[in-house]
Amino acid sequence: MSVYDRLSKLQISLPTTAAPSAASVPFVRTGNLLFVSGHIAKKDGKPWVGQLGSQMTTVEGQEAARTIAIDLMGTLHSALGDLNRIKRIVKLMVLVNCEPTFTEQHLVANRASELFVEVFGEIGIQARSAFGVVQIPFGSCVEIDLVAEVR
Amino acid sequence: MSVYDRLSKLQISLPTTAAPSAASVPFVRTGNLLFVSGHIAKKDGKPWVGQLGSQMTTVEGQEAARTIAIDLMGTLHSALGDLNRIKRIVKLMVLVNCEPTFTEQHLVANRASELFVEVFGEIGIQARSAFGVVQIPFGSCVEIDLVAEVR
Amino acid sequence: MSVYDRLSKLQISLPTTAAPSAASVPFVRTGNLLFVSGHIAKKDGKPWVGQLGSQMTTVEGQEAARTIAIDLMGTLHSALGDLNRIKRIVKLMVLVNCEPTFTEQHLVANRASELFVEVFGEIGIQARSAFGVVQIPFGSCVEIDLVAEVR
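Residue numbers (this note's numbering), protein chains in the order written: chain C, -3 to 147; chain A, -3 to 147; chain S, -3 to 147.
Just so you know, these hints were derived from the structure itself, not from any lab. Wrong hints could be hidden among the right ones.
[Said to hold, decoys possible] Simulated pairs of lysine to any residue, SDA-like, Cα-Cα distance not exceeding 25 Å:
#: 1; chain 1: S; residue 1: Lys38; chain 2: A; residue 2: Ala19
#: 2; chain 1: A; residue 1: Lys83; chain 2: C; residue 2: Thr53
#: 3; chain 1: A; residue 1: Lys83; chain 2: S; residue 2: Gly41
[Unchecked claim] Selected chain S positions facing chain C (Cβ under 7 Å, derived; list incomplete):
#: 4; residue: Phe31
#: 5; residue: Ser33
#: 6; residue: Ile132
#: 7; residue: Gly135
Note that CB positions come from ideal geometry on N, CA and C, so glycine has one too.
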């Protein structure tokens, strides 16, 4: 199955990447590497606000992380025109907006990691760093950036 | 206008990069990529101490971020001898030392992003991740690292 | 002295990298770059739990950081089969799980940075970002990821 077939089967439609601000952009390609900006979790088009460990559960955080993975795939599609040009998802950095008592950042991150594998198969398996941050722009609950290798 | 002309016009003089510690350095080049260490905000040569959301305003944080951008350019100049050898500012990571209630990390980061565009033009437009951290070395209010592509 | 001689002299034996989860792995190689996942501090095989500035001292954090550096070298050995294939330790990102009052993240990070230099010599000197985070998976006190250049 191709990447787009898998997206179809998962009933995922890729969003269009928001217009970039004047001074930064959703991605920059250098050589065969694509550096993708931090994408914040959104719900109904607005920042998905909340902190894990108090206002949100791990399960909700996982859903937010999965949503970001979809947005990141939308950006990759915008960047390359064709997701089949992805050679490898190299590295995810997953930031979880949380209380100092919340220690399940890896479980939140897993839902994003897993979706990359569901969609891209073996080349979707990434290196990853996940940790808790004190806050994220607009109060969003999760933020993820990534590095991908392209053909 | 060249990069140095733009710096002149903005009345910016680039600082000399501080002598590296024994075990880490301000930058490492690998192939055409330059990985630049996290630079903390300084004022009058000392760490610019403060947390956003309590001790410092967004506007002050923006000024601190702009100051770091200048220091980063100083490091790029040291690394390359000539800023015209920069092919692209690829990625900024902007860390804001803040309270859990502060959600304007992107606004703080904008001032650094914008200065790269003012000085480098189109090749200064970067991918970026910005988020809030609980503390930064020496209590500094903002820290930024970057990846650049060089010729 | 070779890298392995230095490890011997320091009485360091490299651990085997834990089996990867289904959706992420300890490292991904792309071209000549190796992106290594965030490794959390462990003690006796379990997460080394604690926050700097309250439950742990800087000296304890340094010991934890050194332990992670050893684990990272174990991963590099697993990735390459031979640590002599490392051309350069390019960049460390050092995350310290700490209170908002703790400002010695750089001192914690130094112990990891220094071990890379002790073992790899000049090519072990890295670019680095260190900062404080509100929490780390499993409550671990320090987390470090890295980028290395390989032959």
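Checked hints:
1. S/Lys38 with A/Ala19: Judged against 25 Å, a Cα distance of about 23 Å means the pair holds.
2. A/Lys83 with C/Thr53: violated (44 Å)
3. A/Lys83 with S/Gly41: With Cα atoms ~45 Å apart, A/Lys83 and S/Gly41 exceed 25 Å; violated.
4. Phe31: holds (4 Å)
5. Ser33: holds (4 Å)
6. Ile132: For S/Ile132, the interface hint holds, since the closest Cβ of chain C sits about 5 Å away, which is under 7 Å.
7. Gly135: Hint on S/Gly135: holds, closest Cβ of chain C at ~4 Å, below 7 Å.
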